[in-house]
Structures are given as structure tokens and as C-alpha cells.
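Based on the hints, put chain B in the right spot on chain A.
There are 2 protein chains.
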Amino acid sequence: MNLYDAKTKPRGSLGRLEEIGMRIVEIRGHVPARLRAVVVVAAGDHGVVEEGVSAYPQEVTAQMIANFRTGGAAVNVLARAAGAEVVIADRGVGTPTRNMTRGPAMTATELERELAAGAELVDELGDVDVVALGEMGIGNSTSAAALTAAVLGVEPQRVCGRGTGVDDDGLARKVDAVRRALAANAGVDALQAFGGFELAFLGGVARRCAERAVVVLLDGYIASAAVLAAGVRDGLIAAHRSAEPGHALVLDALGLEPLLDLGLRLGEGSGAALALPLLHASIAILNEMATFDEAGVTDAGR
Amino acid sequence: MNLYDAKTKPRGSLGRLEEIGMRIVEIRGHVPARLRAVVVVAAGDHGVVEEGVSAYPQEVTAQMIANFRTGGAAVNVLARAAGAEVVIADRGVGTPTRNMTRGPAMTATELERELAAGAELVDELGDVDVVALGEMGIGNSTSAAALTAAVLGVEPQRVCGRGTGVDDDGLARKVDAVRRALAANAGVDALQAFGGFELAFLGGVARRCAERAVVVLLDGYIASAAVLAAGVRDGLIAAHRSAEPGHALVLDALGLEPLLDLGLRLGEGSGAALALPLLHASIAILNEMATFDEAGVTDAGR
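The listed protein sequences correspond, in order, to chains A and B. Residue 28 in this note's numbering is what sits at position 28 of the first sequence, and the numbering runs on without skipping anything. Residue 1020 in this note's numbering is what sits at position 20 of the second sequence, and the numbering runs on without skipping anything.
Extracted from the complex, chain A is given alone in its bound form (with noise of 0.2 angstroms):
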């Protein structure tokens, strides 16, 4: 039953919010009264900067993390104007994962600890309905492009986008950089081999989200890898659609459409703290319109 058909308008005209909401009552297995989101930005550095594939150099990683903490970045701002919660989540920043080019990124004991305390962090937070996915980590765009071409068994090529603006030789590296990745990692788990540890960290999240019935908005390219390769695939929504191109083949992947197309590229969670206002007015509707036969208004739909 599409709880939006009694409200005061043709049924199905508020298109996609209707969708959006269906999908959150569903998941949540009621209508909440009001959704309570956190912002959840996990940051991380990666070895494989060393290969060249970054336009910005390694120590910006730690510079954000210090203006995350004092609000100052997007996500802060963007979270803020959604209101909801931001929670910084410093996965070994200064202390970078190994270089994926010549093996597995962390140990299998990195990546059960990075599983465990994603899952510790969602139990944290208590009573929660959104949990957003963000991500910083210079490097970490091509870690996404390894973990998607791992996993969907597709050429480095078509993963392997500007990320935060390398140029033409930068891009060439980067793909260079996650061929050999590719070769050298076989039969190894994919979170293990491309990390980084924000990224397993994310895909402990989701997965623990996914056993407490809370919804994760996707932010871009790549949160959204973290989670395709950390196995989740239900009670996901995709906030919006990155300028970088292996995003569709995640979304594809993950059967989701996003929300919101806007040609954005700077991940921290950012797309997905710009989509709450939509989800938070899917579930206001619910709550607030009036029924036809509250407003006394003719059904046409009856």
C-alpha cells in the first residue's frame, strides 16, 4: 500500500518522494515521527599517494580532519543547513594503509578491526534513522576505482576519473596504479587489498545499518564502492550522482537511482548531507498532509 495515496493530491504526483519515503517506512518497518540523521565522515590515508594519483598532497587528509572538527568544511556546513549530526571518524590518519601496487593494503587483522569499529560506532549512536556515508582520503578515489573494478570485474579505464582534479599524466598513473593493484592483490579480499581503512570502516557501517534496520544514504563514487564491496545491499539510498564515472557502474550495480544530479565531486558526505531536506520532506508529508477526507477535497483517484 502506498501510504501517499490518501493525501490531498493525485495519486503518485509527488513522484520520486513518494518512492524515497515508501522505501525509508520500509526500512525502518514504521513512519518515523521525525528522522533523526548523522553524517558519519570517515578519513584515512592510502600508501598508494606515493604513485602520484592525487592533485593534492598527502598532509591535506590531516588539514581537513582538523576543519572538520572545527565545522568548517562542506559537510559541516551542509549538514548543519539539513540538521543533522556530523560524526568525524579518524581512521589512522598520518598513518597511511600500504601501497596497494605491491600487495594488500592493510592485514586481515586491519580489516576485521576497521568491520568491528564501523559496527561500534553505529551501536553508539543510539537511536538513529539516516545514517549518512562520507569520506575523505587523498588517495582514496583511486582505491574506489580498484574496489569497483575488483568487484565488478571491469577494466581500470572505465573506474578511473579525475577524482579531486589530477590532470591527464595523473589520470594515466592512476590507472596504471590500479592495473598493477589489480595483479598484485588476487584472490585477496577486495576491502583488504584497496582499503583504505575509512573505507572498510564505511563498509562496517553499513553493514551493521543494514542488521539494525537503519537507512544509508550513499553519498558519491566512493562511499558507494566501499559499501558494493563490503557486500551490502539492502536498505541503501543513493543521494546523488558523481561527475566520476565509475559511479554509475556502482549504482548500477546496487539497482539504485540517485536522488539528486548535480555534477558534484567532492565526496565528505556532502551530496549526501544536500539530499536529507528530501528525505526529511518525504517523511514530513506523511506526517503533515491532510487526507481527502480530512480536508474534505474530492478524489478523483477513487
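Because the hints were derived from the structure by calculation, they are not lab data. We put the beta carbon where it would ideally sit given N, CA and C, even for glycine. Each hint should be verified, as a subset may be incorrect.
Stated by the list, open to error - To list a few chain B residues with every Cβ distance to chain A over 12 angstroms, as calculated:
hint: 1; residue: GLY1071
hint: 2; residue: ALA1081
hint: 3; residue: ASP1090
hint: 4; residue: ASN1099
hint: 5; residue: LEU1121
hint: 6; residue: LEU1125
hint: 7; residue: ARG1173
hint: 8; residue: ALA1213
hint: 9; residue: ARG1265
hint: 10; residue: VAL1297
hint: 11; residue: ASP1299
Stated by the list, open to error - Just the calculated beta-carbon pair ranges, DEER-fashion:
hint: 12; chain 1: A; residue 1: GLU211; chain 2: B; residue 2: ASP1293; range: 37 to 47 angstroms
hint: 13; chain 1: B; residue 1: GLY1094; chain 2: A; residue 2: ASP252; range: 33 to 43 angstroms
hint: 14; chain 1: B; residue 1: ALA1186; chain 2: A; residue 2: GLN157; range: 52 to 62 angstroms
Just chain B, lined up with the frame of chain A:
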């Protein structure tokens, strides 16, 4: 100069959010501290409904006015969620325009009255940054179709959709009504010929907003067609792409790319209200996000 370039993020990485924010700043002439937004919902009745062009009876317009006034309609809920005020303008509900298939929907005097009333409303709003245009009126997607066909010189079939849900026969009657209306009103001003009162009123609102450097946020097909027919080209932002086929033609003519594409077909200003959080977010970024200098973050873009 793109004011977003100083912020702690790769250049251009907030995509269309930066474009929209810069457009608001350009229209207003400064960076607003906080956007004050008002959704104007103009309602009117249409003589053309006697041609059997709508799925709903005319009485629904008056019923919906009451629903708007008690705050139970979709636009009330969505505007509240977006922190925007709603102003309802009753433009002759219960006193329909003439049937446009037999001559002009209104007199030249009535047109002037509506344009002036729209302008007056904007003056009464005082210091406002954004006026979102919404409408309600059983039969008014037929008005919008005639306005679009007349102004753009296209065939009625290309501008008629199912509105609030008319069936195949109703759609055929709608196309036929538009064809006869075009023939019956050669040489008459489009807004006068095809109305309705609420659309002429919105045309007056849009013209005055342009004069006062106020951003006009277009809702869907019907509001966009009214603004097209009123000859307003500056200071516009398109909120969403309607499911109505004629809307794409109107948006192309206005040179606008909508922010949202969610399959909405309700009107009322509902799509504009849903897009408002994106406008707020674009300005919040300018006011609240740290610059590279403030945050001590290395800027690879310099």
C-alpha cells in the same frame, strides 16, 4: 570571480550548487546573510474545464484553497520543511475565466488587473530574496499548454500532457481544446487569450521581481509557462523538471536547467519548495564554510 574558489574544497567540486549560488548573488547584488523565501500560490478557475480537459471537477480548486489555508496541502508541508512562508492568492476561484476555445479567457482590463495585483503582492512582501511561484487551478495545464503553443509556435500535441491524471480521451479533448483556442484567439495577447487569472497574476509577480532584483524560483510546467508568456527572462531559477512534456520546451526557451528531476507533477509550488534547501545550502556555503587561509589547508588549485 567565483566566490566558491576560496573555500576549502577543489575548485568547482560543488558543481551546480556553485552555479546557483553565484546566480543568486548576481541577481541580488550581494551575498544574502540568509535567504528569505516566500512561496506564492495563486489559484484560479478556468472556463475551459467545460471541454472535459481535467480528471478533477472544478469544485476542487475551491476545496484546495481551503486546504492551503489550513496548512494541509503538500506545498504547506514542503514550504514549512524548507523554512519558507506561503502566501495564498485567490484569483477568482469560483469565478472562472471565459472558455478560451470561444475567444479570450479574459478582457484586456482583467489582464491588467491581474498583472498589477501580482506586482502589488511583491511590493507588500517587503525585503525578500526568493519568490517561488506556485499555482492551483483545475484546468490550468490546458492554459499552460495553450500559452506554450502560442508563444513558441509549436503543435498542441507537443505541449499537452496528462496534467493531474486525465485519461486518453481526456488528453485528446485537451489537444483539441488547445487547437480551437489557438484558432479563436489569433492576435490576442497570450496571457489574455488563454489565462487564467492566476497565471496572469504570476506573470505580474515575476515582472515585479525582475524589477526589484528578487530571485524567481519557477515550479513546474504551469508556472514556467506563465513566466514565459509574461516575457520575463532574467532572474530565474528552475526548481524541477516536470513530468509534463511541454515543460522541457519552456525550459529550453528560458535557457534554464532545473535543479531536480524527481518525476513531480503536482504543481502548487511543491517542486519549488523542494528545491529551496539547495538554494539555502548554496548561500550557507558562502557564509559559513572556511577558506583555505582560515583553515590552514594546502590549496592545490592556486
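These are the hints, each one checked on the structure:
Annotated as non-interface, GLY1071 (chain B) brings its C-beta within 12 angstroms of a C-beta of chain A; the closest such distance is 8 angstroms. Under the 12 angstroms C-beta cut-off, the non-interface status given to ALA1081 (chain B) relative to chain A is violated; the minimum distance is some 5 angstroms. Residue placement check: ASP1090 (chain B) keeps its beta carbon more than 12 angstroms from all beta carbons of chain A (closest about 16 angstroms). Non-interface call for ASN1099 (chain B) relative to chain A: holds, since the shortest CB-CB distance, roughly 21 angstroms, exceeds 12 angstroms.
At the 12 angstroms boundary, the C-beta of LEU1121 (chain B) stays outside the reach of chain A, the nearest C-beta of that chain being 25 angstroms off. Interface exclusion of LEU1125 (chain B) from chain A stands, the closest Cβ pair being 23 angstroms apart, more than 12 angstroms. The claim that ARG1173 (chain B) lies off the interface holds: its Cβ sits roughly 16 angstroms from the closest Cβ of chain A, which is beyond the 12 angstroms cut-off. Under the 12 angstroms C-beta cut-off, the non-interface status given to ALA1213 (chain B) relative to chain A holds; the minimum distance is some 24 angstroms.
Distance to chain A contradicts ARG1265 (chain B) as a non-interface residue, since its nearest Cβ pair spans about 5 angstroms, not more than 12 angstroms. Listed as outside the interface, VAL1297 (chain B) is inconsistent with that label: its C-beta sits roughly 4 angstroms from the nearest C-beta of chain A, within the 12 angstroms cut-off. Residue placement check: ASP1299 (chain B) does not keep its beta carbon more than 12 angstroms from all beta carbons of chain A (closest about 9 angstroms). The hinted range of 37 to 47 angstroms is satisfied by GLU211 (chain A) and ASP1293 (chain B), whose Cβ atoms lie roughly 44 angstroms apart.
Checking the proposed 33 to 43 angstroms range against GLY1094 (chain B) and ASP252 (chain A) shows it is violated: the Cβ atoms sit about 51 angstroms from each other. Checking the proposed 52 to 62 angstroms range against ALA1186 (chain B) and GLN157 (chain A) shows it holds: the Cβ atoms sit about 58 angstroms from each other.
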